[in-house]
Amino acid sequence: MKRLLASFGLLVVLLPLSRASAQGDVGRISGVVTAVDGDAPLPRVRVTVLGTRLTAETNPQGRYTIVIAPGTYRLRVSAIGYTPTVMDSVPVTAGQATTADFKLKHQTVELEKVVVVGYGSQARRDVTGAVGSVSAEQIQQQPSTNAIEALKGHVAGVDIVSTGYNPGAGIQIRIRGQRSIKASNDPLYVLDGVPMSGNVGDLNPGDIESIEILKDASATAIYGSRGANGVVLVTTKRGSSGKTRLTYNTYAATQQATKKIGVFDAAAYAEYKREAYRAVGAYPANLCTGGATSCLAADIASNAFLAPELAALQAGVSTDWQDLIRRSGTQVNHQLSVAGGTGNLTYSASGGLMRQSGIMLGQDYDRKTMRVNVESQAAPRLRIGGSALLVRSTQNTGRGDGLYSETLADSPLSLPYDTTTGALVFKPTPDPQRDNPLSDVRNHINENLRTRVFGTLFASAHLAEGLDYRVNFGPDVTYARVGVFHGSETSSRQGSPPDGQIRNDHTFDYTLDNILTYRRGIGADHRVDATFLYSIEKQTAELDSLRSSGLPYETQLFYNLASGSVVEAIGSNLSQWALQSYMSRLNYTFRDRYLLTLTGRLDGSSRLAPGRKYAFFPSAALAWRAVDESFGSSLGPVNSLKLRTSYGRTGNTSVDPYQTQGGLARSIYAWGTLAAFGYRPGTLANPDLSWETTDQFDAGIDFGLWANRLTGTIDAYRANTHDLLMDRQLPANTGYSSITQNIGATRNTGVELSLSHVTLDDWRGVRWINELTYSRNRNQIVSLSNGAVDDVGNRWFIGQPINSTVNNCFTNCVWYDYRMLGIWQTDEAATAASFGAKPGDIKIQDVSGPNGTPDGVINEFDRQILGNSYPKWTGSFNSRMEYGLVDLAVQVVTRQGFMIRNTFHTDQSTLAGRYNGLAVNYWTPTNPSNTEPRPNKNQESPTFGDSRAYEDGSFTRVRNITLGVAVPSRYIQPLGAETLRIYGTAQNPFTFTSSTALDPEGRSNAGVPAYRTLLIGANVGF
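In this text, residue positions in the sequence shown follow this note's numbering: the first is 631, and each later residue adds one.
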């Protein structure tokens, strides 16, 4: 093996050094590199032959020469301050010279880049709002199954966390924090100019050309109510005239859990059970001198162990149930794309297949995608086109997050299979509360099947000079079927006959946009760009469901629910909403350095009450390119500087339809001696329900130094959200529980920093770019239904962040609980007794009594705000390096200053001597631990045991390392390929944290373990 590796390494070194043996076997490429403006020759410009290690540098006259073997090559020319340029199909003939001249355009790195904005595009230098961008190259360097997840760590102010690690799990994206308490905080997604609702995980990352994120209100106000939480603009790849290009991208990966939770093994479990009995005087200590054999008499006398457990202990059985439900996950991805064009027609098409087997048994995900884009210049003034995205996915989640947690409580003194027959044992211990988790893996089915067709059709007419009209139509059809089956031997059925459930969802959404644009330059100093829009959007959603039990046989799963003996529930529903909008936007530029953007949008939503359906959302932005002033030349190293400020208002109606109307609820009434169904008012109507609105102020600086070797952006913002859409609790005597109203207000403030530095620019063939982002956001509740008064029941506190839910909160949480100070020790027995505790119990901070001062009693007055799940700041570091045929990309992300609630320390650490749990350092008279209480058989869980769950979740993670190598073109051209890149990637290889959770990010602190991925892939171009 070592000899093989050495031979391969020698081959890699020698092949690029090979040269033609005689002068007659080579040719030359020569030319001149000049600037577009003025034709000035450009010296010290690097000319690279792509696919080889051959480079040249221009002389003072801008000339270069490369001696090379005959063939057809691609040349790349790059220089600081200029846009890199590539020339395709440069032929070289033996003994002859080929001329290849280049004209380079001045580049302001990010500032000259054209970015997509709402209903159009602009040069980066003309953008007046806060816009972040991610290119296809950046997405490609971080292989991912979810296109939006590829944004993580690239754009300041955009916080992306995983909602789970089961295959096909979603993500949560927040742009500049959390604004709404009950309405949605998700951003708007726009695919190729058409709003896209539902699962954005349907997008294949390989289909994406670029992603732009609109962050401030001046940029998002053009989308009115849809843009309240930011906008994500996704542009897919399109064809271009010329040669048809075929690409094939593939990778295969293996995945392993990053952490395993430590639980008691058999010996430690036995001792922990004994200690639980000792704590209440139920274990005869005089009969136990230590060890399994010497304690047998005491174990029998105390009844701490059931007979099978004693036998297993004597036999040396020790089972870690985690190992039985985990495996090495796998993932494969294939994508084939074709793009090209002839004359007036351009096209692109792709097909993708992704399959993932999770690290937990019974969990997998399969996704098939097809995408087509076609555009045609149908007439001199008319261009038409369309695209279609077809997605078919199947997700199996099994029992979900709960299965892993259950394994931590299963006794190590038990076996999953019968030692005689090898059959799976449903109840591996005599404890009726404990089931074999493998039974749930086999017999618990939860399958989500989705089919989606998302299309865009457009026609664009050039009406007159500077005047264009475009119409977009975007239909979106989704069909989803969820099938659930619980076999007889599952934790939910407990030996009863199987049950099943099926739910069908059908959604049809369409958008129709009419867009009129006018662009004109007025003299040498003025430039006007105006956009007008009329848009309608409508969604219709239907669902039906059926659940039945007593199914006669298990092989039918959920496919014949009518055969069940009991129909548990039947349901169906229809929901519709519509949105009508008018918009106008004016971009005005004076002397190419004073920029003004004015936007106004009128939205009408069917969700709101009559007379309150429409609202106007204005915005204004100013920008000044200071470096273009007469004093710009005196700014030293500063070669680009833009100051900008903006104000805008956006709205939100992301609540369920029909909140303005009263609903009916069914009840059973006595009618004589019979029971009859009757109907009563179920929900209270609100005829005044109106818009939730946000006013946002933003100030920013875009800058470039040293010929844009260093570029960056600094932003500060403040967003005030008022008239929140939320439920107001009602007194019980009203007959209603709550009503949806416009009440309360929140505030978001923050700062963002993005830096990009070209550390090396073709220095000895090395190009190295480093990028840094920093984001700090604080959201807080300003007022609620009763003004500036806390709502303790919902965990909503004035001046504190938004708490999303009270029970099972994982993200967007405020932790309100008792503060654990440690464990009462033996020398504190008297003080502990005054609080009703004893040595070995949890010590809680005495904060307050009814009169606001500590009173020596631990009760509800002693609960306090411990922290929250919102990080004080987040950051990322991205580094990309290219040298000859080799490229390297590294990404590091960090989230600092937040608290998580690790529920393993509550549900899986009861210390009651009945179930297994975390291998914690519990207190005993001879082991005075200050972190975990003494086990006690007479308690279901320790008093104030939940206070142990809170811990610092801060972490720094090396999220991605990708190393790629391009194969020299002379080795692949005989195979018909033009480019071949082979790469390897490590995802999440290292995480640095003090947290004891499976993973401190998102829901994974108590569910499916996080995993690291090792993959190898290839990109082939023909």
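If you are wondering where the hints come from, they were derived from the structure by calculation, not from laboratory data. Every value quoted in this text rests on a predicted model; they were computed, and no experiment measured them. It is possible that some hints are incorrect.
[Said to hold, decoys possible] Within a straight-line C-alpha distance of at most 25 Å, the following computed DSS-like cross-link-like pairs (lysine-lysine) qualify:
| # | residue 1 | residue 2 |
| --- | --- | --- |
| 1 | K812 | K1468 |
| 2 | K1468 | K1567 |
| 3 | K812 | K1243 |
| 4 | K1168 | K1243 |
| 5 | K873 | K733 |
| 6 | K889 | K735 |
| 7 | K867 | K1057 |
| 8 | K1567 | K1057 |
| 9 | K1168 | K812 |
[What the hints assert, rightly or not] Estimated spans, in silico, between C-beta atoms of each pair:
| # | residue 1 | residue 2 | range |
| --- | --- | --- | --- |
| 10 | Q1124 | H964 | 42 to 52 Å |
| 11 | S1264 | R674 | 41 to 51 Å |
| 12 | Y1164 | G973 | 30 to 40 Å |
| 13 | L983 | A1208 | 28 to 38 Å |
Ideal placement from N, C-alpha and C gives every residue a C-beta, glycine not left out.
Earlier hints that do not hold, by number: 1, 6, 7, 11
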